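Undergrad: Listed below are the residues making up each chain.
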Amino acid sequence: MSSTDISINEEVHHAHEEHDHHHEQNFIEKYIFSQDHKTIAKQFLFTGIAWAFIGGFLSILFRLQLGWPEATFTFLEPILGGWIENGKLNPEFYLALVTMHGTIMVFFVLTAGLSGTFSNFLIPLQLGARDMASGFMNMLSFWIFFLSSIVLFSSLFISTGPAAGGWTVYPPLSALPEAIQGSGDGMTMWLIAMALFIVSQLLGGVNYITTIINLRTKGMSMTKMPLTIWAFFLTAILGLLAFPVLLSASLLLIFDRSFGTSFFLSDIYIAGQALTNTGGSPILFQHLFWFLGHPEVYIVIMPAMGLVSEVIATNSRKPIFGYRAMIGSLIGISVLSFVVWAHHMFVTGMNPFLGSVFMFLTLIIAVPSAVKVFNWIATLWRGNIRFTAAMMFAIGFVSLFISGGLTGIILGNSSLDIQLHDTYFVVAHFHLVMGAAAFFGMFCGVYHWFPKMFGRMMDEKLGAVHFWLTFIAVYLVFMPMHYLGIAGFPRRYYNWTGFETFNIFTDMNTFISISAILGFSAQFIFLFNFIYSIYRGRRASANPWHSNTLEWTTPALPGHGNWPGEIPAVYRWPYDYSKPGAAEDYIPQTVPFSQTASSNLPHERELE
Amino acid sequence: MFAAFTSAYIVRREEGNWLEFDLPSILLVNTAVIILSSVSMQLAHNAAKKDNLGTLKTMLLITLVLGIAFLVGQWYGWADLVQHNIYFGGTGSNPSGSFLYVLTGVHGFHLITGLIFVLIVFLSSLKYKVHSKNMLRIQLCTVYWHFLGGLWLYLYIFLRINH
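Keeping their order, the protein sequence lines are chains C and B.
The first sequence maps to residues 3 to 610 in this note's numbering.
The second sequence maps to residues 8 to 170 in this note's numbering.
Just chain B, same shape as in the assembly (with noise of 0.2 Å):
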């Protein structure tokens, strides 16, 4: 899907009419938090492996943080582009605007199933259900959350190349 949407992204660019402008200065700052929640998960994941209990949870809580925190990171890029008079639709907008908007929307919106997914687990884990021998759903929730900073990595790269 994500791959439908670049290249469809840089179909549109080379027909030109195109309105460049520059990415939000903040969303450095996001990807750069996504990362480390990324590390924090990853922790989480071994510290299960490993019946680390108390880590365990202090990983999936600092993931949890860092995932919203992404997320209000990406608010204030929003906000930032309608500052610039960038908009998703009506008089006035791009589509190389509206690209953006669909992009970091629908990874946003994947984020926040992944972040719902990591609430479940670390839920479970103070319930104490998340250990070595348990390790299906926070295996799973890792996979998960890798592919979508990894995606979002993807994007982030994706856009600075092609503007």
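If we strip away everything but chain C, and leave its shape as in the complex, we get (with noise of 0.2 Å):
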């Protein structure tokens, strides 16, 4: 409990002059075990991008395994040792691969790479604060999230794989250590990596909301705050309620798994002899896990909206249309997220009423999608855009947003589910709605804040060249996806050349497989033009894209503490692109209204 007699001390010193009680770090304080918001940020980044690679690596593994499926890898063996048999990958670890590359994007990637990164980093930044409420919490989190991190990679190399029933770990599969080999120690290291990383996910949503609801600077009202901030908060909140219950169903695995326990499993025969599991419900686990995996998806394309509703309002030079409806439709989609988990199980066997419940409820989620789509496209409209890399990936986004949101409405109804469910169709639709477009969210961010991160530009050129790659290679991969789920391919099959109808379709899986190398090989440029632009990039001034947001106007390479001297305070909106009669097309939430006489509006005038 020392810390907290620690935070007492330090806010006495905030109230006086700041910078002026900074010490001296050694090299393990400073880039280790930080306690600053911009290092752990950084921290959460390096780790989410090494994640990245990981994952797409595994998805490009069992592309191959899909695209030439007569075709025999004996060339992979360097990299896979015993799961190449004959040249041909082994069944039960191509099942492996698809539950890592589930599990490491939703989780580890787009989960704390994405809000770990722009939470940490943005939230003390554009609120106005030294640091986050606990900066020891949130270097905790980050290093629980890396301990979960090593135990989830290690279980990439024992000799039963990794875990390998599905991201959604279903039992009885997941439960029962004989059913496959994945189910075994690979299954174990999945839950405990799962259990740390909801600790982490834990202590860091904690933080975030504590600050955004305490640290926030003079002036700085909740209806002043960008839109990032909005969408930072709802997500930790989002977090905070939904996984614990991914706890709950964990411990309850863990309990059927090692303790014999048959919370989820009963009746069960396995190899020709009864299992002594009685009155056990698989379902029960269904629904624990979507009633965390439906917010959580939330939880992945939110941070994602909140970053392309600032790039897009800053790069378009006009303000954000709807600044409260956007909030609005983010509030109603955090609420809605929590009673709508039951369409991802339509073929359970559910009664058909609930299902159209669920339905209606899933459906209504289009409308507040619709209005932020709505309110993105206006602000784009007639606007100076000028297209950043940050902005084409923020397009990207919306397009990327909008393509797999509408074959959304088509899988929320429960009756074309039924046909729909398990087929590629799926596949493609979240991968467009959350997959990529949380990760165009999050290169938007990368392009965008770089410059404030490490005080040197990323290079436009290159993003350029990046951004269109990944983006026709994303459509390229994905959209005939949709056929092949319309015509009933199944997804998780390992090995489809069996069934004499999806054979018609080898030649459009070799060319998704080719789609998604190129794709893949894609991110090579944004690695290197990441990596060379932190040590060689051309140096970035202040506030590089004029923008109107508080962390543009801390030093081009913020110190320990954000700013020297005092904190600004605030007096305006974050949106005061373009105003007419300003003498600049921004004015920074720190002018006052009595410094811009010119372009005040009426009702601001009293506020002079």
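In short, the hints are calculated from the structure, not lab data.
These numbers were taken from a predicted model, which means no experiment stands behind them.
We put the CB at the ideal spot given by N, CA and C, even for glycine.
Just to be clear, a hint being listed does not mean it is correct.
[As the list claims (entries may be wrong)] What follows is a set of in silico ranges between Cβ atoms, one per label pair, in the way DEER data are often shown:
1) 568/C <-> 141/B: 25 to 33 Å
2) 141/B <-> 28/C: 25 to 33 Å
3) 49/B <-> 529/C: 53 to 61 Å
4) 216/C <-> 49/B: 24 to 32 Å
5) 157/B <-> 384/C: 52 to 60 Å
6) 536/C <-> 75/B: 50 to 58 Å
[Claimed, not checked] Some chain C residues well away from chain B (every beta-carbon gap over 12 Å; in silico):
7) 162
8) 385
9) 542
10) 588
11) 603
[Unchecked claim] Negatives, chain B to chain C, calculated, CB over 10 Å:
12) 30
13) 46
14) 57
15) 59
16) 62
17) 83
18) 87
19) 102
20) 109
21) 113
22) 115
23) 129
24) 160
25) 161
26) 164
Now that you have both chains on their own, put them together as the hints suggest.
TA: Structure below.
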């Protein structure tokens, strides 16, 4: 409990001149066990990027199998060793690849990598705070995440392979170690990794919420916050409510696996032998899992929405269209996300009436989503658009969100879902709307805030090349999958050549795999640009995008405590771009109305 | 998390094949014990506010003892269950029993963390570090302890109603 004492003392200092008592930190304090939110954000970013490449690589491996089912992959032996048998990929390892790709991408990249990076980096900077409410908890959050990463990563190398029951780990498959290899030690490690991951998310989430409520600078009311902060705020609340449910489900699964309980198991024969478990219900797990799982997809997409709103407004040189409607739709999405989970379970034999209730609620989500999309488009409408790399990714995000969202309306219908369930149509839908779209949001954030993170600019030309290759590859990969799905092509199948119906799709599968390889290769352009720019990029000015929000009032490379001297106060909302009568096309939040008499609107006159 | 467990409990119970059994009677005693400990915790909090350091220490000690008594009581409750052939896992176990173990077990785990917290506050009160100008620690501890008490009350009433 010594930490609470320290924070009290520090707050006393805050009231006076903060940066006076800045002490020199050694290497470990500064870069490894750092409590500075900017360093922690970078740690999350680097780990997230590393995971993204691992996750992407796994997907290329199974795309090879799907694209060329008859080929032999002896050239992969140096990497995969025993998992290549006589030149063929081991079928159980294929399942493990799919599982790990899902787990890594959903949790480790798009949850921890995305909100971990940008919530940590932007919340204090955009609110005008010296740091997070509890720097120590923040540090703990990263290192528990790192520990969880190590556990998951090492599960790739054990002899029975990593977890292989799909990223949703449905029992009984995942509960019975004797069912498949992947349900053995790999599954145990998966559960440990997830438990640690949840602890890390909770520590982070509590911190984000506390900081946003308590540490806003003078004048920063809730309705003067940038939309990024609103998105992070609601994301953290979702995480705090949803993740403990996953922890409960994992705990029950652990008990089932290791302590002989039967929460999810009943009347099972395995290898001709009846198991003793009676009375459990595997559907119960699905309820618990998707009660987390559905909010989880919004945990992934909402930070991206926030980043995109900010970047679109800045680079269209226009105020965001419908600021309050944007907040309202975020809140609407957050609330609705908790009452739609059973649309993942239409085919579990649930009561059709219940199904229609969930269908109705699911389709309502289209309303706030559409509000957001129309507002982004209206913001772009007749703006002085600057096509920076970040802006291109933001527009790409809107495009992907629309294409992926439309199929969501189709899948949300319980009668259509019965046909499309567990086909590539579902795969195409969620990869567009939450996978690729969230990635685009992340790229958009990295390109836009890179100057503030590292004090240098990323190369715009390489950024444009990266954008176009990625954008085209994403559509080339996922558009054809819709057709496969409508034809009934099932997901998660290792080999489909045995089915006469699906043989006509061989060329299409090869095409998808080639596009996937193209898309994955394009990411190395980003990696090069990212690393090169950290060391050799053009030096950035303090506000290279002429943006309004508070983080751009810090020095080009903000030090510990973010602002030398006093924390700036805030007088206006963050979207005063191209205001008629103003000298410049942007007015930062720190400029009082008394200095902008020429552009003030009638109701702002009294604030002068 | 507890909301998840209890709603899972209801959902599962509705599906039938549910073994009904009586709750161990000692749980009622435990409930009384934990309510008493909440009272003594609040008294300790008030004493600290008024710089009444003697009372503070006694009350914290009482809370600590009552907390441990609750845990011991829960343990006897489990022993009682085992005597009635209701097991956590293995052959012949039913989710109804397992759920009871999980609910009490996870609550017990939180209570142990709460006890550690009370112990830390108690030790620092011995060093005169808890007083009206240094209330944060005992305040947090009181909130947490009341939460644990309230949680148990919720669980107990929940189990009573749903049996």
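Undergrad: Does each hint hold? Answer for all of them.
TA: Tested hints:
| no. | hint | result |
| --- | --- | --- |
| 1 | 568/C <-> 141/B: 25 to 33 Å | holds, 29 Å |
| 2 | 141/B <-> 28/C: 25 to 33 Å | holds, 31 Å |
| 3 | 49/B <-> 529/C: 53 to 61 Å | holds, 57 Å |
| 4 | 216/C <-> 49/B: 24 to 32 Å | holds, 26 Å |
| 5 | 157/B <-> 384/C: 52 to 60 Å | holds, 56 Å |
| 6 | 536/C <-> 75/B: 50 to 58 Å | holds, 55 Å |
| 7 | 162 | holds, 23 Å |
| 8 | 385 | holds, 45 Å |
| 9 | 542 | holds, 41 Å |
| 10 | 588 | holds, 42 Å |
| 11 | 603 | holds, 45 Å |
| 12 | 30 | holds, 19 Å |
| 13 | 46 | holds, 24 Å |
| 14 | 57 | holds, 21 Å |
| 15 | 59 | holds, 22 Å |
| 16 | 62 | holds, 22 Å |
| 17 | 83 | holds, 21 Å |
| 18 | 87 | holds, 19 Å |
| 19 | 102 | violated, 5 Å |
| 20 | 109 | violated, 7 Å |
| 21 | 113 | violated, 7 Å |
| 22 | 115 | holds, 14 Å |
| 23 | 129 | holds, 12 Å |
| 24 | 160 | holds, 20 Å |
| 25 | 161 | holds, 15 Å |
| 26 | 164 | holds, 20 Å |
Going through the hint list in order, the structure does not satisfy hints 19, 20 and 21.
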